[in-house]
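Go ahead and model the full structure; you've got the sequences and the hints to work with.
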Amino acid sequence: MITILNTDIKPIQSQADIVYVRQAVRDWALKLQFGIVDQTKIITAASELARNAFEYGKGGTMKMESLQDGFKKGLRLTFDDKGPGIENMDLALTDGYTTGGGLGMGLTGARRLVNEFDIKSAPGQGTTVTITKWK
Amino acid sequence: MERIPILKMGKFLLVTIQVDMHDRLVMTLQDDLTHKISATGARGVLIDISALEIVDSFIGRMIANIAGMSRVLDAKTVVTGMQPAVAITLVELGLALDGVQTALNVDRGIMLLEKLIELEEGGADLESEHDHDSEH
Ligand SMILES: Nc1ncnc2c1ncn2[C@@H]1O[C@H](COP(=O)(O)OP(=O)(O)OP(=O)(O)O)[C@@H](O)[C@H]1O
Ligand SMILES: [Mg+2]
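Here the protein sequences line up with chains A and B, keeping their order.
Residue numbering for the first sequence follows my numbering, starting at 464 and increasing by one per position.
Residue numbering for the second sequence follows my numbering, starting at 145 and increasing by one per position.
In case anyone wonders, no lab produced these hints; they're calculated from the structure.
We put the CB at the ideal spot given by N, CA and C, even for glycine.
Heads up, some of the hints might be wrong.
To be verified - Per label pair, the in silico range of CB-to-CB distance: (1) B:Q174 x A:W597: 28 to 38 angstroms; (2) B:P149 x A:S477: 41 to 51 angstroms; (3) A:G522 x B:G185: 40 to 50 angstroms; (4) A:D558 x B:G243: 10 to 20 angstroms.
Said to hold, decoys possible - Cβ-to-Cβ under 10 angstroms is the rule here; a few derived chain B residues that face chain A: (5) L169; (6) D175; (7) F202.
What follows is the structure, encoded as structure tokens:
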């Protein structure tokens, strides 16, 4: 059974907030005693998803949850925006696909960096991406 | 406006990134470096990222852009000090940073830049002993 130990919500309304998101994720990963590689991976994934929520989703929030599942500890992050949503999910989840002049590696890269990845989006209704990294 | 300082050392430009940069600061650095390469005729650019805890797709793109830009302006780019965890994460993220040279630390980065320039000026003559090759 998964228990939620702690929870917090951070705004993603500016470029500065993307920096704060990285710092908050780092703090929590440190508290959960993540190793340096796992720490780096979850911060990097969070940076990608926060930027997407800001750039494409017109801003949103990140919910942070520290988890306990038996002896395992984990960090779950949920990025939520009320932007235009993603019309073609298959395309958005293809390496190199971008509508914003990026590298198109944010979503697919973030997915590779974590243990669990879930994305929900409907045109006109925003996008929610949930990632979990287990220690 | 907040800026990352760019130092000129002989024919090289040196940048040490010490802070977690927000995206606009990253763009400003890219522009500043490009201008400074062309204004000074610098032959090499060294970017030390040993203090950076992550390199995401945005910073990765900046590094690739700077390398591409300096290539056009006839300068070499070397990135130094990338932490192992950052390198591992970059690969998994899917960023190859093609055409970007890396070195372990600033000292080796400078040596690599010297070497790259020497190789280029030496033309087809690839022997490294020719330290004092005269200019053509
Ligand atoms: N929160 C979001 N709301 C709406 N569209 C999104 C959202 N996140 C991603 N997308 C769409 O999915 C595409 C792929 O996103 P991804 O993060 O993989 O690449 P990118 O942001 O374009 O470039 P990169 O992240 O490599 O700089 C985006 O170009 C955009 O069209
Ligand atoms: Mg992105």
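Hints versus structure:
no.: 1; hint: B:Q174 x A:W597: 28 to 38 angstroms; result: 36 angstroms, holds
no.: 2; hint: B:P149 x A:S477: 41 to 51 angstroms; result: 24 angstroms, violated
no.: 3; hint: A:G522 x B:G185: 40 to 50 angstroms; result: 43 angstroms, holds
no.: 4; hint: A:D558 x B:G243: 10 to 20 angstroms; result: 19 angstroms, holds
no.: 5; hint: L169; result: 8 angstroms, holds
no.: 6; hint: D175; result: 16 angstroms, violated
no.: 7; hint: F202; result: 7 angstroms, holds
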